[in-house]
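Line order of the protein sequences matches chains X and Y. All letters in the first sequence, in the order written, are residues 1 to 495 by the numbering used here. All letters in the second sequence, in the order written, are residues 1 to 179 by the numbering used here.
None of these hints come from the bench; they were simulated from the model.
Straight-line C-alpha distance at most 27 Å; calculated DSSO-like pairs for lysine-lysine:
1. X:Lys257 - X:Lys240
2. Y:Lys114 - X:Lys417
3. X:Lys181 - Y:Lys43
4. Y:Lys40 - X:Lys316
5. Y:Lys83 - Y:Lys43
6. X:Lys240 - X:Lys181
7. X:Lys131 - X:Lys113
8. Y:Lys40 - X:Lys39
9. X:Lys316 - X:Lys389
10. X:Lys39 - Y:Lys83
11. X:Lys246 - Y:Lys40
12. X:Lys274 - Y:Lys35
13. Y:Lys35 - X:Lys417
14. X:Lys436 - X:Lys417
15. X:Lys39 - Y:Lys67
16. X:Lys39 - X:Lys274
17. Y:Lys83 - Y:Lys114
18. X:Lys246 - X:Lys274
19. X:Lys39 - Y:Lys35
20. X:Lys257 - Y:Lys43
Label pairs and their computed distance ranges (CB to CB):
21. Y:His71 - X:Glu115: 14 to 22 Å
22. X:Gly173 - Y:Ser47: 14 to 22 Å
23. Y:Ile107 - X:Gly457: 34 to 42 Å
24. Y:Pro68 - X:Ser482: 16 to 24 Å
Stretches of chain X that chain Y covers, calculated by requiring three or more beta carbons in the stretch to come under 8 Å of a beta carbon on chain Y:
25. 98-109
26. 128-141
27. 187-201
28. 353-367
Every residue, glycine too, gets a C-beta built ideally from N, C-alpha and C.
Take a look at the letters that make up each chain.
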Amino acid sequence: MKRLKIPLVIYMVLFWSVFFCLNSFALEGGEYQTPNTWKRHYSVGGIKYSAGSVAPGGAEVALTAASRTVYRYFEDSLTEEFAYLRLKAGNIEAAGGDIAFNLYLRGGYASEKFEPETFSASRNGFYAERKDDLSALRVYQGNAVFEDIIPLTAVTLGRQYLSHIDTQLADGGNIDVSLFKKRLTLHALYALPVSFYATDPHTYIYGGGADASPSDFLRIRAEYQAYDDRTQEYRNDVIKARIDGKIPPGNLYLNYKRIDSANDIQAGAILDFKPVVEGLGGTVITASARTITDSYGEEVTLFLDPYSTSLGQEGKNTILAGEISQGIREWLAVSIGGEGKIIAGDADYAHRDFSRVYASIDLNGVFSPTIYIKISGDIWTAPKDGNLKEESTFQIGGEISWSLGDFALWGGTNFQKYRYYYPEEERTVFLAPSLKRFEEDARTFYLGGEYTLSGTGLTIGADISVVSSSVYSAYNNDFNDSMDTRAELMLNWVL
Amino acid sequence: MKKIIITAAFALSFAITAAFAVESDKPETHDGSWKTRHGKVSKADESECLSCHIDRIACIDCHQDSKPRDHTSAYVYKGHALKAQWSRESCASCHTDSSFCDECHLIAAPSNHKRGWGGDLYNSDGSSTGRQGRHCTTGCHSLVASGALIFGNDRVTRGCKTCHQTLERNSGGVHPPNP
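Isolated chain Y (complex conformation) (with noise of 0.2 Å):
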């Protein structure tokens, strides 16, 4: 019995598609792998793609409107930050906008930036504790402090600047609570 219905729902599903040829109205170009590949083709002559996608209508779609699978919040998370630092070049094709990383930088705070971060240390009453908040210990001032020895590649430092660089655009300085 089982293997009657099994049949037949394959048989079904078959003859369903069956009686639909495949539609594509995309040139022999866009194959599987055109993804990796469309950009260096379209450098070549554009207007060759514009003929189709017309008014770069959905060239716009995928490089500047909605944003891609893998931008998932894990992404925003940690994922953005670690390709970036490996490929800026693998963002550049899509994020050609002057400000997008940084305007959000300036308003979206890393998870760490809870209560007990900048300011001072509070006891659980709410009373200062007169130590420096954590970020103290996790950030630039720690590093300061040592000298940038431990880290002297400047890892963590630099990680504060990515959003705290307002200042240091304009005058070489960085710090907080003004990203």
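The shape of chain X in the complex, shown without the other chains (with noise of 0.2 Å):
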């Protein structure tokens, strides 16, 4: 056994160096396009959209339909179901122009109130929407769209997504109104904003601006939108305005938004570069720079600001930002990024410098032509700064997505460390409690994969995460080295 070790090793990186050469063959004139279910590596879960069906008359029918069961093992078990169901006929024909009806829910429900006895962070997103319920209902889409019925406009009327500089879930009416062959869109609208979390039906949004393209390299777009809370008897004026530049290789851009009397004001580009050097891979960068001249957060919404009561007000800074993602060979892309913070004023616990930079590297059909890897490291880092410590979390993961056909399967893994300062809660002689250095760390893995019955429009998937942390002896010895572990199930059909 151990004499075999050596040679195979030797063997090995032989077979994958001929494996290489012959890939490289494999994927001539490919790109890193990522396969199709990559963002199962952000994310788990849930529906998968379809552009629907033609149904006689012209209409056009969507309906998808599909439901996530989670099941959590930690400190206690716990089931999550989610349903969601969604419905589209658009194209309906009607007094000379047409009606679309859009609707998307999604109902969830948990087996039981779960109410960890120390562990509070075993809390989820779904538990401040529930609260002290099982259930809860969520309606991201509920909303008729009258195009044309009045010429040249377009009337939204219903929950919608506001899509306009910014965007916004809201309930109320848009109204678009495009002249100039659609050089030229102006807009107006009435809404009450939309919280999954709190009902606060006392906060209008009324507004109105316009969309020009002059040319099919410039968009401006300025828009006036008023923040009114009833209860609290305050009004915030937004004013926002975006120039958009589409210039060879890239976009640039500039927007800016006043809250108030504080401006925000960002500038960006995102350049993408064909190869300058034959063999090499495109070159993509994207580097932005934003400031804000002054704090806010005092009496101001939480629509517009929802980090006001959690972190204070936002202070005064400047953010720099810059990325580069190069190809280096057809199955290897490397890329580079990071970002700056840089505060105005004294610094306190959530208005201070920070700096993050990251990189990862893309092997694309290595191994396999259907297999895609990701390596990728992230630091972020808040400097010492007068008393405030220094704090930082890094992490190293990767990701593999390999697609079979009607089948997909995806893995990753993960460790985080955290490093921070928080106050001592022992009782000390002094007056004062002391900052007490922590370091905590989370490996996390998961494996899941996906079915497709081709031709029936159902989608089975699985997935199982675990995590392990120091965290959880923190403050309950018991599970000292338990995990937490998730499984969840997928269905997804599609008409």
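Please dock the two separately framed chains into a single complex, following the hints provided.
See below:
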């Protein structure tokens, strides 16, 4: 056995080198497009969309039903069940125009209230939504769109994503009027923004704006919105403007937002260069700079700034970010990116300098033409500033997707480390508590797959993930070594 | 023998996968670094995205519906708090809901809020020691007592306010037990 080890290594190296050569042929002309199920590395969920089919009379009908069952075993066990339904009927001719109906719902149900004794971090977002109940319903969309019934006008009524410069989920109405062959669109809206976690029917948004594309290379948008909070009795005026230039090889933009007296200005570029050297892949560069010139957060509705209560006001700061992705070979690409936040004024709890560096290596079609591998690392650091001590997190991980016709498999692993200071709990002789340095880590493994029954529109998937972490022992020694395990079963059916 | 088996296994895995072409219905832009870039690209002309991502189904899925993989229980314990303190902007691409953070903080107390945290300290038989609970030396009170000189940056009190904020938002005061 021992004797075999070294020759085996040499042998494998040889094997893979031949393999690599073979594969570069197999991928000639290939790009770094990720496989269809790549999003499973970001999150397990949900529903798959369908374009639908055409019904007699030219109307388009789409129906999707999906479910996701999550079994969680940790300090306690819990099953959560989510059911999704999407219904769309479009292109219905009426009164010289078109009508479309759009409905997208998610119902969630938990097997029990789930009140973990000690480790409150085993709570999740669904818990915050349902609170003391076992179930909760979300309506993501529920609207009707009337197009060209009034000439050149589209009216959307109901629950919708108001999508102008920013996107906002709201109940209400939006009118778009398109002029000059759609080179100019004017809009007006009146709606109540929606929260899935709390009900606040007291804030109203109203406003309007213009969206002009004087040439194919230029787009200019300007908007005014008022967020009128009728319980707090204040109103926030928001002015937004944005210019996008499509200048080869990419896009340049300038984005401006003014909330009351705070200006938020962002400029950036996304550049996509063709290969400069034969054999090398293309290069994608993104760069942006953003500055907020005044603090805001006091007397600003949570719909504009949901963080003002948990984190305090957003202070003056500047954020610089950039990323470069470079194709090296048809099967190899690397990217590296960074971000830095520089604050103005005194640092405090949630207003401090911060920097981030991340890098990744993509291997496309190595080992097998249908395998995509990504290895990545990410470091976040908040440096020492006055009384604030240096804190950081660090993560390194790998992801792999393998498509096999109707089957797709994915898996990944991730290691995270958190270094931070937190007040010590013990009584001290001093009046004020001392801050103690903590160093915690968490490891994640996941594996999943899905199968599409061809011709039926049915997809079945499963995913299991395991988290083990040093933090579990922090407040309860009983589950010192236990793992947080989730198993999910996904079903999706599209018409 | 072992070599033969290994060769056979590799050859087989190659043969199986070679039989399927790489199947991606995605446009060229959707490469390995698309995750960090797509948001900025979408801002220029979202209608382009929505021509494939009909009715935002995919966007909703990731941004609002099913949480990212890095959101583990260790993340809820500390990771989310740290990252939010340093870069709330990174949360804002998805967490735009007005009450997401607050509604959880109102009901999910931190792990240090166990017996002996609030009220008075107890003896093992359950009788009061007459001394205040641990929270008193951990958070606001001690800061008030010390004139907040040691942690002049507000690190500790602000942590309590993250959840005990309801009063503050209305009247400028903060006091447990009502978060």
